[in-house]
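Whenever a hint applies, use it, and build me the whole structure from the sequences.
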Amino acid sequence: MAGFDKRVYSYEDAMAGIESGMTVIAGGFGLCGIPENLIDEIKRRGVRDLTVVSNNCGVDGFGLGVLLEDRQIKKILASYVGENALFERQMLDGEIEVVLTPQGTLAEKMRAGGAGIPAFYTATGYGTPVGEGKEVREFNGRPHILEEAITGDFAIVKGWKADRYGNVVYRHTAQNFNPVAATAGRITVVEVEEIVEPGELDPSQIHTPGIYVDRIIQGSFEKRIEKRTVRD
Amino acid sequence: MALTREQMAQRVARELQDGFYVNLGIGIPTLVANYVPEGMDVMLQSENGLLGMGRFPTEEEVDPDMINAGKQTVTARPGAAIFSSAESFAMIRGGHVDLTVLGAFEVDQQGNIASWMVPGKLIKGMGGAMDLVAGADNIIVTMTHASKHGESKLLSECTLPLTGAGCIKRVLTDLAYLEIEDGAFILKERAPGVSVEEIAEKTAGRLIVPDEVPEMTFD
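Read top to bottom, the protein sequences are chains U and X.
Going by my numbering, the first sequence opens with residue 1, and the numbers climb by one from there.
Going by my numbering, the second sequence opens with residue 1001, and the numbers climb by one from there.
Nothing false has been slipped in among the hints.
Below, computed lysine to any residue pairings styled on SDA-like, alpha-carbon distance capped at 25 Å:
no., chain 1, residue 1, chain 2, residue 2
1, U, Lys-227, X, Pro-1064
2, X, Lys-1169, X, Thr-1217
3, X, Lys-1121, U, Leu-86
4, X, Lys-1124, U, Gly-133
5, X, Lys-1124, U, Glu-83
6, U, Lys-43, U, Val-99
Quick caveat, the hints were computed from the structure, so don't treat them as lab data.
These figures come from a predicted structure and were not determined experimentally.
Here it is in structure tokens:
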């Protein structure tokens, strides 16, 4: 990986350095825009006791759900964890610690983490179980709770196109958490559908500037649909 | 007669205004999109990062990269914008969404809402609901007035863990449209053929009944 050339050519190289006990931030919303192959590589390596930060935890047998099969996740921060029988069982059995986090707070925790802001106040969650035990401060006559930022040892991200400098664009709503996740990893790995020549991406249209990105890999994706809905 | 789900959606749709940005929750709120009045333009915000949600796709248009917050495949309408989750919740928390419609298990006379967690039952998570109720000024809650067992969902104090504190001012049930003010539900409209007495009987919280309570009308 010389200079600004961030391309790697195997998933083994893409996830080099991941160890048991690390925190992994993952992009994606449901099964949309998830780093499918990077997740599979984490499974293949068998690292354990991971803390995973992701809006959801995939489904049985796909996405982050595959990491449940060998009990690789110790703790997860997520906003919604339905639609996954194995997850439910591990949660009820106390095998996995779940920190349910409001979706906007989760996104802001990642954004703040990537932007060097250690914590922020928000009205979201005040007066609810989410606010319990958190510092409260009033602004403009309204109580807010203090939420801390999140950073990860790794951030795993799914993009659409990237160049070797690590500039990334996302496609449609597969963007979701990916750009904020990308900012919050000590090592940020982005897998994309296509790596293009420098200059092909319009600089004004870059979603994730390469400065946030450490490794880029081109992969192929299943892109499973969770709720196929069509009109008549 | 209690309102049907479609009539509830129709009634909520009367609160829409031309040029509104609107976030619709799952269930009855989603149906509101079917009743946008002719000639009125509203933009639907989906919190996974889409402003200007369009119709469901045809079989040919289905795209796994284009979904709504309910994880259903959707399309983007002309004039739509797509952005990150942080941007999406910046517009929600920043108060830029003109109207939010969402369901609930309970609402109380202080404007508290419980909609995400029943202790002892499986907890799936709050998704974006806490952000939406904290960030929006203009919220309409849609729910049935009482549970299947006849227990009121309009309470003096919520019994379930809250989604948000003191943030609800308007509730549409299958029996009535009510506003919350100074620690009471104010009965504003009743469903066709539903008596004030029935509503009062099914409202556990403090209820104020004005002299005139008009009946809703539907085409």
